[in-house]
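Chemist: Single-letter residue listing:
There are 2 protein chains.
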Amino acid sequence: MKTQIELARDGIISRQMEQVAADENFNPEIIRTRVAAGEIVIPCNPNRTNQKVVGIGTGLRTKINASIGTSSDICSIENEVQKAIAIEEEGADTLMELSAGGNLDKVRQEVLKAVNLPVGNVPLYQAFKETGRKYNDPSKLDPEFLFDLIERQLSDGLSFMAIHCGINQYTIERLRKQGFRYGGLASKGGTFMVAWMDATGKENPLYEQFDRVCTLMKKYDAVLSLGNGIRAGAIHDSHDRAQMAEMIINCELAELGREQGCQMMVEGPGHVPLDEIQANIILEKRMSGNAPYYVLGPIPADTGAGYDHITSAIGAASSTWHGADLICYITPAEHLALPTEADVREGVRATKLAVRIGDIAKYPDRRENERLASMARRDMRWDDLEQHLLFPDIARKTRASRAPEDGGTCTMCGDFCAMKKGNEIFKDDIKNDKIAPGA
Amino acid sequence: MKTQIELARDGIISRQMEQVAADENFNPEIIRTRVAAGEIVIPCNPNRTNQKVVGIGTGLRTKINASIGTSSDICSIENEVQKAIAIEEEGADTLMELSAGGNLDKVRQEVLKAVNLPVGNVPLYQAFKETGRKYNDPSKLDPEFLFDLIERQLSDGLSFMAIHCGINQYTIERLRKQGFRYGGLASKGGTFMVAWMDATGKENPLYEQFDRVCTLMKKYDAVLSLGNGIRAGAIHDSHDRAQMAEMIINCELAELGREQGCQMMVEGPGHVPLDEIQANIILEKRMSGNAPYYVLGPIPADTGAGYDHITSAIGAASSTWHGADLICYITPAEHLALPTEADVREGVRATKLAVRIGDIAKYPDRRENERLASMARRDMRWDDLEQHLLFPDIARKTRASRAPEDGGTCTMCGDFCAMKKGNEIFKDDIKNDKIAPGA
Chain Y
1 MKTQIELARD GIISRQMEQV AADENFNPEI IRTRVAAGEI VIPCNPNRTN QKVVGIGTGL
61 RTKINASIGT SSDICSIENE VQKAIAIEEE GADTLMELSA GGNLDKVRQE VLKAVNLPVG
121 NVPLYQAFKE TGRKYNDPSK LDPEFLFDLI ERQLSDGLSF MAIHCGINQY TIERLRKQGF
181 RYGGLASKGG TFMVAWMDAT GKENPLYEQF DRVCTLMKKY DAVLSLGNGI RAGAIHDSHD
241 RAQMAEMIIN CELAELGREQ GCQMMVEGPG HVPLDEIQAN IILEKRMSGN APYYVLGPIP
301 ADTGAGYDHI TSAIGAASST WHGADLICYI TPAEHLALPT EADVREGVRA TKLAVRIGDI
361 AKYPDRRENE RLASMARRDM RWDDLEQHLL FPDIARKTRA SRAPEDGGTC TMCGDFCAMK
421 KGNEIFKDDI KNDKIAPGA
Chain H
1 MKTQIELARD GIISRQMEQV AADENFNPEI IRTRVAAGEI VIPCNPNRTN QKVVGIGTGL
61 RTKINASIGT SSDICSIENE VQKAIAIEEE GADTLMELSA GGNLDKVRQE VLKAVNLPVG
121 NVPLYQAFKE TGRKYNDPSK LDPEFLFDLI ERQLSDGLSF MAIHCGINQY TIERLRKQGF
181 RYGGLASKGG TFMVAWMDAT GKENPLYEQF DRVCTLMKKY DAVLSLGNGI RAGAIHDSHD
241 RAQMAEMIIN CELAELGREQ GCQMMVEGPG HVPLDEIQAN IILEKRMSGN APYYVLGPIP
301 ADTGAGYDHI TSAIGAASST WHGADLICYI TPAEHLALPT EADVREGVRA TKLAVRIGDI
361 AKYPDRRENE RLASMARRDM RWDDLEQHLL FPDIARKTRA SRAPEDGGTC TMCGDFCAMK
421 KGNEIFKDDI KNDKIAPGA
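Line by line, the protein sequences give chains Y and H.
With our numbering as the guide, the letters of the first sequence map in order to residues 1 to 439.
With our numbering as the guide, the letters of the second sequence map in order to residues 1 to 439.
For reference, chain Y alone in the conformation it holds in the complex (with noise of 0.2 Å):
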């Protein structure tokens, strides 16, 4: 079998390319040719049936990623499937399943089994628990049980999966000698590898054995997402050395295994303060050839907990701007517990504001929705209104919740609507469509 992207560079448009440009709006030779350079991934195990077809990176709609799992402390199967399937109700576009508690497996195939979105996880989580529970030691992971695990884990119908091959010895030592850190380490996989590496001496065989992977990865066409194992948790921490080495061989990766015929994203982090996070956009197109980037969040304060969707929904909106493919979400349980249900709604919404917000700057010349919407809050068309809304049925409840006499206006300015006075003034200057006079 081939990948989109060997696919796309023989000059073959797949029903994938067919389905994402349709989508979009694109002519589908140019998603092909984005396709053929890496620009754009389509995350798609054949293994899996009935999967939406999502394409992520350039001039693509930017997606939204959320992520559920079990923990040690909080492990019901149930539980995160029904967080799974409020996930996909609210629109996000991918879904990773990050359980590190209970039975691993089944709670991977049951997330599979009840959700159309293309799911990916972190092949590192299962391997050093079942070290773990097997050793009492998860430093005694064996490299090919992982090899074995991420192809076991592959044949369920992932799709894409973040692997941390960029973290290598070279790094670490770049770790240690800048010997000290404000917010320690935040990423699990790319911790628990450190230390893997750290009590073997060994380089990471994720590293070592990229190829290897990327094997693993062509023959289920997943997308091989680069992990950032090594991102900052604090913004004091933001593109310390550290990062900034893995963050080099992550894009040396996504070259390499593109060259190999295999997609590739780059994962970004982490803690980043609002004015860096351009920055960090641009060393990550410029040093990887422009693979797609998947950012987490990035979250510009430290201090948001109890409110960090909304930390991390503002980062959002300034990476999807400055040119971030996929967008993890946050939930309001962040740095504080496993999130409920209620907690993976609110934060699959909070994304998905930040990313039409993100977007409208990203491609100024895609703002067709805003102004239809504009236009019929102007006309008080309220019910068209709702038509271009991204949380209709919310926004009805609130308003109906306190409904106006004047069922033109709202409760909040009553019989003193200073869109209803503009109209009566301007009613024959404002009207209609400057941009699309006939529409």
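Everything labelled a hint here was simulated from the structure, so no lab data went into it.
It does not matter which identical chain is meant; a pair holds if it fits inside one copy or across any two.
Calculated cross-link-like contacts (lysine-lysine; reagent style DSSO-like; alpha-carbon spacing at most 27 Å):
id, residue 1, residue 2
1, Lys202, Lys420
2, Lys113, Lys2
3, Lys2, Lys219
4, Lys52, Lys2
5, Lys134, Lys202
6, Lys52, Lys106
7, Lys219, Lys113
Quantities reported herein were computed from a predicted structural model and do not represent experimental measurements.
Go by the hints and put chain H onto chain Y.
Modeler: Frame of chain Y; chain H shown alone:
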């Protein structure tokens, strides 16, 4: 009585300037020179006893305003007082009392009694509402009644007022020549003034008799915030010619008012896409000679209704970063209904977080709090961490609602905690504080 700006120009450091300097760790002389230059304002009507002193402007922590007020549809003084108290509890810096329903003198007076925050309003609301009640036509507004009303309101203890002095017939001509707006008009005071000018054919008395407005404001040392009456209500109208024509006049009046010894601010939009926010701030700062800029978000999308506190937070983080000095919150009810107490609490919280994120970017040398929070998180000192969080009670409650087995971690990762593992590996490397080694 001399105003703060007059005192500062006489070389006097007032009690209020001392207080601002102490609160924000500045040398009082720096505060004095910035007040003298009109770059910092301190709203402080002497008729108001026990008012909190708040400085707004260059170099200071970016401040948050929260607005309340009745409408013709929902009109309970008790509710508005309760919201005002909630807003003060949540940590807003100023309050605007924007009632447009019921007994407008009484609600203002009750709110002024209920809180210690500086309180502002928009005098045109009461002016047009009471004229409308009397003559069944707000355009019968008598300018003499308006000026008397402004003084009556000021004598109650208001410390700042948004007054729409910058709208003139020239600007309305720009609006008509433009012939089109996607979002119509969004400012209540501004739109009803435009209607008055349209009906009477006269010049805006607040523009024509600007010196008289300044004289009134000076008498109570209130800050004159030049209202953004032509602001865009849709991102497609952002920075249109009509809006910029008003901004030019508002910035001109900021300078003229300052020269007369009146404390001045300029009010900004409104709906502005993310990629235009920085330009908006630069223009205001440049054209006004760095008058404090009071921005209503801005709101970088037209379609977030139901979650517009987050839409606005995303805009506010950016406007704060680029130099806005006072940010008006938006509640989840914006564009839909009069906010409840729960809505105003959410609005203040989202804005606090946005302004924190913006200030981190605006003042890279003032990230102390994030630094201490990060180290506490890294070292699993949860009690210390809480001291530095913006929402300690909410964070504590979330964590406790799903308590971990190991008190050092949380239920997100349980025994698979990156922070804990990282601390083990790098215990000799990652420790203490690089910036302040002795701390």
